[in-house]
Amino acid sequence: GDSVTQTEGLVTLTKGLPVMLNCTYQTTYSPFLFWYVQHLNEAPKLLLKSSTDNKRTEHQGFYATLHKSSSSFHLQKSSVQLSDSALYFCALISYQGGRALIFGTGTTVSVSP
Amino acid sequence: EAAVTQSPRNKVAVTGGKVTLSCNQTNNHNNMYWYRQDTGHGLRLIHYSYGAGSTEKGDIPDGYKASRPSQENFSLILELATPSQTSVYFCASGERNTLYFGEGSRLIVV
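Which chain is which? The protein sequence lines are A and B, in order.
The numbering of the first sequence is this note's numbering, which starts it at 1 and goes up by one.
The numbering of the second sequence is this note's numbering, which starts it at 1001 and goes up by one.
These are calculated hints, taken from the structure and not from any lab test.
Keep in mind that the hints are not guaranteed to be accurate.
Unchecked claim - Ranges between beta-carbon positions, derived for each pair: (1) A:Ser112 / B:Thr1015: 37 to 43 Å; (2) A:His59 / B:Pro1061: 32 to 38 Å; (3) B:Gly1016 / A:Leu82: 40 to 46 Å; (4) B:Ser1070 / A:Ser51: 27 to 33 Å; (5) B:Gly1051 / A:Ser112: 44 to 50 Å; (6) B:Lys1018 / A:Ser78: 49 to 55 Å; (7) A:Thr12 / B:Pro1069: 24 to 30 Å; (8) A:His59 / B:Tyr1050: 25 to 31 Å; (9) A:Glu8 / B:Thr1098: 21 to 27 Å; (10) B:Gly1051 / A:Ser51: 32 to 38 Å; (11) A:Thr7 / B:Asn1097: 21 to 27 Å.
Here the structure is a predicted model, which means the values were calculated and not measured.
C-beta: ideal position from N, C-alpha, C; glycine also.
Isolated chain A, as found in the complex (with noise of 0.2 Å):
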């Protein structure tokens, strides 16, 4: 079945340094990725989403590619900031059951200044 692997639990950083969220897939179907963020005792909300294959696409400073090549969906930023401190969702479409997201297990992203 559909499935979604986010390797990194938990990762700290200093502000103003570089970060990399990895995300890679499975799916049978063609391949429809985002990235929702969730700040402490938020609603998850839609950060950037692509399926056009190695087209970059960006929003609020972060930047992914989706590679169809290697099933990765990878989140980067150049510079965190102190608020980018949040819980960080790698999500597919799946395409067998009502269009739901299938969500990875999450990367806590902690900046500190």
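For this one, chain A is given, so just place chain B on it according to the hints.
Relative to chain A, chain B alone:
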């Protein structure tokens, strides 16, 4: 901005009791979803709906029922709550491949 509201936001229930979590959306989206969020598991799909009168099982439906009486409302029902159902529950509505989440309902079963 799409609007999804959940109630109650916090609930303490006793084991064996019945719990109903309610969700209302004003986006006129056909699809609605219930997820639960647990550390180490991310968000897991419990039930979803294509529209009024429709409910479908997600990945972890055991112990849960769902009801979609109207386009706007989608409820999650725990007929016999158990401590393993202690979690944060999120409702979402969706269109054009984007889901909009409610603020979540924190349920503790004691």
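Q) Which of the stated hints cannot be reconciled with the structure, identified by number in ascending sequence? A) 7 and 10
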